[in-house]
Amino acid sequence: MTTGQKFARLLQYLGKCSESIMYHDEIASAVRWIGQIESIMTRIHFHPNQVFDESKHIIDVVAKEYLEKAIDNVDHLIPVEVSGDGNFRTIIELMTNDVYYSNRYSQFVGPLDIAIQRICKNHMFSELYKIGALCSVLGCSIRSIYPNIDFRDDMVFLNNIFTPIPPITTNCEVTILWSNATNEKHAREANHGTWSPNHFVPLMSTAMSFEFDDSNQSTSNVMTPEKKTFKNNATIQIRIPDFQSSPSRRLRSEINIENDSAQSVISTTIHREPKDIKSQHQSRLEKKREYARTSRMNETNDQRQKRLEKQKKQSQSRRAIETEEQRRDRLEKDRERTRFSRMNETDEQRQIRLEQQRERSEAIRAKKKLKNHASNSNTVQQRNIDIQMNETEEQAS
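Just add 677 to the spot in the sequence shown (first one is 1) and you have the working numbering.
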């Protein structure tokens, strides 16, 4: 099974968790379990292609229509058709650092837990939370482009550059477009007249514009040109002034200055949370885990039995009120979790599991054998009693 197939199956599993009444607890439990699977949680080494190559890439025709409605200067960018692996890793990131993302974005797009419930259902509305988490998953900055469709003033922060959670450092910047799998007309018809994006599309530069950008950057680093001349038989150097840029270039520069100014204001608003919020959150979680470990290490047998009994009663209470459909979903999730755990277990873990299964099977067989023996003994005893009673009745008669 490929990594993409594993991600798809786990996303389907998280989708089932999101349908539960206590969806947040179900998702949190699933994320804790998934976080222990090293093969899934391996860090992604992201090295994106920045230049469009017609021999390798396919233009996303639908996204191209949306790109034409963008506010920013994006004439040099091309939307590329890709097949995504869903939202699996972004969900893990959002649940792991929930306090950070909630403090950063909830004032703009609402509560995080509700957003996570929606994200667990693939192909649903794209969230701002997803961009923030995706930066951390890929270890890069993301420039967000939102088409000018049903655009409101409070959505201006969607056209922005987002960065990973500290202390992750960025190694590149990519540009993405908020898009929909269908054109605007069909998207509105399917959503009661309202347009909303349901996925992101990467934007790549044309080869010509990429070379032009490199050329501009290299010339900007060169010192102001100088010319040698002679005066009074002495060599002096005269600086040659730069010529004024063309009107179109001046216009682009003014637009960029305005955009940079607006972006700095937005970035200031977005980054106004405390810098040490992640460390505080991690410290708080570590203290809770340490307290739980210490409590369990020092608990007596009586305390352990009480704790397990309490957990058992809580599980029984939840199961008592669940519907038949919820029961089937719970059992299916348990089976899926078991299958996936076995796929990723080591040889040593497999041997331990098989040994435990053998011990349980032997214990069950021994218990069953003892029960059958007791039942047979009772049957024989009852038969002897019946025989004695019959003999007594015959003698009496």
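Hint data in this document are derived by calculation from the structure and do not stem from the laboratory. Just so we're clear, the structure is a prediction, and the values are computed from it rather than from any experiment. It is possible that part of the hints are untrue.
[Claimed, not checked] List of simulated lysine-lysine pairs, BS3-like, C-alpha gap at most 25 Å:
1) K798 / K1010
2) K1044 / K989
3) K1044 / K1010
4) K798 / K683
5) K693 / K683
6) K990 / K693
7) K683 / K1010
8) K693 / K1044
9) K798 / K693
10) K987 / K1010
11) K798 / K733
12) K1010 / K990
13) K741 / K862
14) K746 / K862
15) K693 / K989
[Said to hold, decoys possible] Computed beta-carbon distance windows for the label pairs:
16) W710 / E1002: 47 to 57 Å
17) E696 / L1047: 13 to 23 Å
18) E1036 / Q689: 51 to 61 Å
19) I714 / E866: 52 to 62 Å
20) S818 / E731: 18 to 28 Å
21) W710 / Q980: 24 to 34 Å
22) S1018 / T883: 40 to 50 Å
23) E1036 / I714: 41 to 51 Å
24) E1002 / R1035: 29 to 39 Å
25) Q1028 / K1048: 47 to 57 Å
26) E850 / E1002: 43 to 53 Å
27) W710 / V751: 51 to 61 Å
28) Q982 / P844: 41 to 51 Å
29) W872 / Q1034: 48 to 58 Å
Glycine included, every Cβ here is placed at the ideal spot set by N, Cα and C.
Tested hints:
{"no.": "1", "hint": "K798 / K1010", "in the structure": "holds, 15 Å"}
{"no.": "2", "hint": "K1044 / K989", "in the structure": "holds, 23 Å"}
{"no.": "3", "hint": "K1044 / K1010", "in the structure": "violated, 30 Å"}
{"no.": "4", "hint": "K798 / K683", "in the structure": "holds, 16 Å"}
{"no.": "5", "hint": "K693 / K683", "in the structure": "holds, 16 Å"}
{"no.": "6", "hint": "K990 / K693", "in the structure": "holds, 24 Å"}
{"no.": "7", "hint": "K683 / K1010", "in the structure": "holds, 15 Å"}
{"no.": "8", "hint": "K693 / K1044", "in the structure": "violated, 37 Å"}
{"no.": "9", "hint": "K798 / K693", "in the structure": "holds, 9 Å"}
{"no.": "10", "hint": "K987 / K1010", "in the structure": "holds, 23 Å"}
{"no.": "11", "hint": "K798 / K733", "in the structure": "violated, 30 Å"}
{"no.": "12", "hint": "K1010 / K990", "in the structure": "holds, 21 Å"}
{"no.": "13", "hint": "K741 / K862", "in the structure": "holds, 15 Å"}
{"no.": "14", "hint": "K746 / K862", "in the structure": "holds, 14 Å"}
{"no.": "15", "hint": "K693 / K989", "in the structure": "holds, 23 Å"}
{"no.": "16", "hint": "W710 / E1002: 47 to 57 Å", "in the structure": "violated, 23 Å"}
{"no.": "17", "hint": "E696 / L1047: 13 to 23 Å", "in the structure": "violated, 43 Å"}
{"no.": "18", "hint": "E1036 / Q689: 51 to 61 Å", "in the structure": "violated, 33 Å"}
{"no.": "19", "hint": "I714 / E866: 52 to 62 Å", "in the structure": "violated, 41 Å"}
{"no.": "20", "hint": "S818 / E731: 18 to 28 Å", "in the structure": "holds, 27 Å"}
{"no.": "21", "hint": "W710 / Q980: 24 to 34 Å", "in the structure": "holds, 26 Å"}
{"no.": "22", "hint": "S1018 / T883: 40 to 50 Å", "in the structure": "holds, 47 Å"}
{"no.": "23", "hint": "E1036 / I714: 41 to 51 Å", "in the structure": "violated, 25 Å"}
{"no.": "24", "hint": "E1002 / R1035: 29 to 39 Å", "in the structure": "holds, 35 Å"}
{"no.": "25", "hint": "Q1028 / K1048: 47 to 57 Å", "in the structure": "violated, 30 Å"}
{"no.": "26", "hint": "E850 / E1002: 43 to 53 Å", "in the structure": "holds, 45 Å"}
{"no.": "27", "hint": "W710 / V751: 51 to 61 Å", "in the structure": "violated, 42 Å"}
{"no.": "28", "hint": "Q982 / P844: 41 to 51 Å", "in the structure": "holds, 44 Å"}
{"no.": "29", "hint": "W872 / Q1034: 48 to 58 Å", "in the structure": "holds, 54 Å"}
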